[in-house]
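The primary structure of each chain is shown beneath.
There are 2 protein chains.
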Amino acid sequence: MTHTQALAEFLAGLRYEHLPEPVLARTEELFLDWLGSALASRGLHPIPLFERYARKMGPADGPSQVLVNGSRSSAYFAALVNAASSHLVEQDDLHNSSVLHPATVVFPAALAAAQDLGKSGRELLLACVAGYEAGIRIGEFLGRSHYRIFHTTATVGTLAAAVAVGKLLDFDTPRFVDCLGSAGTQAAGLWEFLRDAADSKQLHTAKAAADGLLAAYLTAEGLSGAKNILEGEQGMAAGMSSDARPECLSDRLGSRWALLETSFKFHASCRHTHPAADALLELMRREGLEHQDIAAITTHVHQGAIDVLGRVLVPHTVHQAKFSMGTVLGLIAVHGKAGLTEFHELALNDPDVAALRDKVSMRLDAEVDAAYPARWLGRVEVRSVDGRTLRGAIDEPKGDPGNGLNRAELEDKFRRLLDFSATPGADRLIARAWSLRDAASVEL
Amino acid sequence: MTHTQALAEFLAGLRYEHLPEPVLARTEELFLDWLGSALASRGLHPIPLFERYARKMGPADGPSQVLVNGSRSSAYFAALVNAASSHLVEQDDLHNSSVLHPATVVFPAALAAAQDLGKSGRELLLACVAGYEAGIRIGEFLGRSHYRIFHTTATVGTLAAAVAVGKLLDFDTPRFVDCLGSAGTQAAGLWEFLRDAADSKQLHTAKAAADGLLAAYLTAEGLSGAKNILEGEQGMAAGMSSDARPECLSDRLGSRWALLETSFKFHASCRHTHPAADALLELMRREGLEHQDIAAITTHVHQGAIDVLGRVLVPHTVHQAKFSMGTVLGLIAVHGKAGLTEFHELALNDPDVAALRDKVSMRLDAEVDAAYPARWLGRVEVRSVDGRTLRGAIDEPKGDPGNGLNRAELEDKFRRLLDFSATPGADRLIARAWSLRDAASVEL
Numbered sequence: 000m001t002h003t004q005a006l007a008e009f010l011a012g013l014r015y016e017h018l019p020e021p022v023l024a025r026t027e028e029l030f031l032d033w034l035g036s037a038l039a040s041r042g043l044h045p046i047p048l049f050e051r052y053a054r055k056m057g058p059a060d061g062p063s064q065v066l067v068n069g070s071r072s073s074a075y076f077a078a079l080v081n082a083a084s085s086h087l088v089e090q091d092d093l094h095n096s097s098v099l100h101p102a103t104v105v106f107p108a109a110l111a112a113a114q115d116l117g118k119s120g121r122e123l124l125l126a127c128v129a130g131y132e133a134g135i136r137i138g139e140f141l142g143r144s145h146y147r148i149f150h151t152t153a154t155v156g157t158l159a160a161a162v163a164v165g166k167l168l169d170f171d172t173p174r175f176v177d178c179l180g181s182a183g184t185q186a187a188g189l190w191e192f193l194r195d196a197a198d199s200k201q202l203h204t205a206k207a208a209a210d211g212l213l214a215a216y217l218t219a220e221g222l223s224g225a226k227n228i229l230e231g232e233q234g235m236a237a238g239m240s241s242d243a244r245p246e247c248l249s250d251r252l253g254s255r256w257a258l259l260e261t262s263f264k265f266h267a268s269c270r271h272t273h274p275a276a277d278a279l280l281e282l283m284r285r286e287g288l289e290h291q292d293i294a295a296i297t298t299h300v301h302q303g304a305i306d307v308l309g310r311v312l313v314p315h316t317v318h319q320a321k322f323s324m325g326t327v328l329g330l331i332a333v334h335g336k337a338g339l340t341e342f343h344e345l346a347l348n349d350p351d352v353a354a355l356r357d358k359v360s361m362r363l364d365a366e367v368d369a370a371y372p373a374r375w376l377g378r379v380e381v382r383s384v385d386g387r388t389l390r391g392a393i394d395e396p397k398g399d400p401g402n403g404l405n406r407a408e409l410e411d412k413f414r415r416l417l418d419f420s421a422t423p424g425a426d427r428l429i430a431r432a433w434s435l436r437d438a439a440s441v442e443l
Numbered sequence: 000m001t002h003t004q005a006l007a008e009f010l011a012g013l014r015y016e017h018l019p020e021p022v023l024a025r026t027e028e029l030f031l032d033w034l035g036s037a038l039a040s041r042g043l044h045p046i047p048l049f050e051r052y053a054r055k056m057g058p059a060d061g062p063s064q065v066l067v068n069g070s071r072s073s074a075y076f077a078a079l080v081n082a083a084s085s086h087l088v089e090q091d092d093l094h095n096s097s098v099l100h101p102a103t104v105v106f107p108a109a110l111a112a113a114q115d116l117g118k119s120g121r122e123l124l125l126a127c128v129a130g131y132e133a134g135i136r137i138g139e140f141l142g143r144s145h146y147r148i149f150h151t152t153a154t155v156g157t158l159a160a161a162v163a164v165g166k167l168l169d170f171d172t173p174r175f176v177d178c179l180g181s182a183g184t185q186a187a188g189l190w191e192f193l194r195d196a197a198d199s200k201q202l203h204t205a206k207a208a209a210d211g212l213l214a215a216y217l218t219a220e221g222l223s224g225a226k227n228i229l230e231g232e233q234g235m236a237a238g239m240s241s242d243a244r245p246e247c248l249s250d251r252l253g254s255r256w257a258l259l260e261t262s263f264k265f266h267a268s269c270r271h272t273h274p275a276a277d278a279l280l281e282l283m284r285r286e287g288l289e290h291q292d293i294a295a296i297t298t299h300v301h302q303g304a305i306d307v308l309g310r311v312l313v314p315h316t317v318h319q320a321k322f323s324m325g326t327v328l329g330l331i332a333v334h335g336k337a338g339l340t341e342f343h344e345l346a347l348n349d350p351d352v353a354a355l356r357d358k359v360s361m362r363l364d365a366e367v368d369a370a371y372p373a374r375w376l377g378r379v380e381v382r383s384v385d386g387r388t389l390r391g392a393i394d395e396p397k398g399d400p401g402n403g404l405n406r407a408e409l410e411d412k413f414r415r416l417l418d419f420s421a422t423p424g425a426d427r428l429i430a431r432a433w434s435l436r437d438a439a440s441v442e443l
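Those protein sequence lines, which keep their order, are chains A and B. In this text, residue positions in the first sequence follow numbering that gives the first Met the number 0: the first is 0, and each later residue adds one. In this text, residue positions in the second sequence follow numbering that gives the first Met the number 0: the first is 0, and each later residue adds one.
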């Protein structure tokens, strides 16, 4: 039996009754967190492009909700637009060791399919847990070499979305194997866009969710797929990884709940900036430092941070600013936070932020790199204008499982996200998320 | 200037008036040849699955024709179903040195978009030439290492389709660069499905055409893409090739018409079987051999043939039989041809074919491998039951540019393809293809 088959068997056998209470509660929390990210991007480029495309190519109405505009479409186009929407403001969740953002691919596909298929809140929750558990293990399987070139949330996201929808379609083991095959052979997404600040990140999540849903629906129709798309000689690992570890695919299925390891994002920037941001915050508070006191900052980082953030020195767009280590630390040092409002109002215009940005450098650190991606350590070294060398360190960035956000903090983040896009209905949607397991339908 | 930029500039500047008469005429021929392949698959698994998916997720009507069922949909779903359809019976064209099947990805996307945009036959022809010229060069660029794991028609097909649609949308150079970026970052398709005879080949072409169209339409809406998706450090070649040659991308743009190098398929099997099939035909005719006279056949092949065909010893489906060297040579030896009818009626049932199949082996040949993929040499060695060793050799399989099909042969092949699926209208469609350049609209 391959590890892929073991995974498929676990997915087919997973029942709502198997899910421990903390997993259920956390899934509701991840759902709310995702919903906030999706609604926050209302009207922001490039989301309206996807909305127009869906109206042009899709039906005028349908069973599934397009969140940013309140319209309805088929499940395919709802998944497409909702997944484009939920990764834009860089506030959606992240799983550390897989470097996968599960929410932005799993929830759009699962919600669209659940609405199409008339499923309950429990069925939606179960499907999303399946998507998280599979996606995280597949991300870990493909390893760091994959992430160096490929955007794991795009590639692995296609399979995670397919699994979630497959669970809603009540797949047995052979169907899950086929579904993984059809999803894996569609998996795509390259980091190249980063250096141009191009719009591909939204295209990636949109396509991952929609392609995953397509794979599952076609599997339900009877389309067969490769039986060993992950581990096979001409499969994903063979083509897109040089350090794949097949045993990750079946790692402690049913006893380890990888979903619980998912981190919430506190700052509105690329997760690779968060450890340094928190370490700088800690240092500045401890030392009573102001941004004017800082002559230089060296962040000690893992290689992945350099690969993803190293291209951006002077950002030209808000989205690119979220991938600029200097800008993020500039916002932290000057304004004490790096939330959505700070990015949109201050990241590109504030001369103090720009001045601090130019004092920031990244340096590969052996200890930080060895701990990554299981642990995202934050290490910064500040040279003060009065000549002192100060060090800040954190071992768990805010939002990590050991340093998480409670429901009150999540509600507060959700309200801020909806306020940002002037979207009403926060109270109602919060109540909806907290009672998702009792909902007969998943209409929002 | 990168080679990608040079290619984009060529594509933006290409005008109908630039196309030499032989290129125009050949494009009409390739169009008819493609149309036959698409219509021949009517009703065959898995095409109805894609038709149902399109009806479920797409609009009930639209500007673009779904060829196999005569319905209409949006351009996206017409491209999806038509591209799934046209690669199933293994009769669509192939470009040797890129190992790309251009027709099955370029024409479905271009026809669907041309119908949506109300374009003329000339505009359609120009767009398809652009798609061929770009796709072939990108396939050559990615090289043999890419094809070893990735189905080039799926990956490169996404870009070829995007370019054709981009030409219909009248892109300038920057838009073509963006469009390539958004198409390239969606490029996917793994060979792993072959060993299971899974349905992914149809999924690959369907998604390549549809994703390419999506990339172009979103580019027209304003979506930006990576500026160097092919050559960049985190682009397609970096992630999916180890022998990429950037100079291929801009090879003799405007003077070399790569479209003219495209081969028509004569046998209804994987192109990797054709050189050996023709060499065996030549040998048997020359020597007056019957299949009962044959004790063993050794085919001397390139590595790519072993990679693609090596998995299938005893085929279980008609489609898999087309990837079985033994079955193809069995049909050739026993029945003198390996057309659609032979595959569907004899490939799996005829004991004589099975007996000959088991006498066939493949051996890597240094000369054949060195010539590939520019030239597909056919070399077979037959041991006769009376103890002789006989050799057959051809340097250009039937259908290659130097050994092509004339219009009468193409019409004959088209009629056979339509007869196979009991599709009426051959005369009308042939006339339509031969007058495509004068057509005000491209309604079929």
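Since the hints were made in silico from the structure, they are not lab data. All of these numbers come straight from a predicted model, not from anything done at the bench. Yeah, the Cβ is synthetic: ideal placement off N, Cα and C, and Gly gets one too. One should not assume that every hint holds.
Residues from chain B shown here face chain A by an in silico Cβ test under 10 Å; the list is partial [stated by the list, open to error]:
| hint | residue |
| --- | --- |
| 1 | PRO21 |
| 2 | MET56 |
| 3 | PRO58 |
| 4 | ASP177 |
| 5 | SER181 |
| 6 | LEU189 |
| 7 | GLY287 |
In ascending order, which of the hints set out earlier in this document are inconsistent with the structure?
1 and 7
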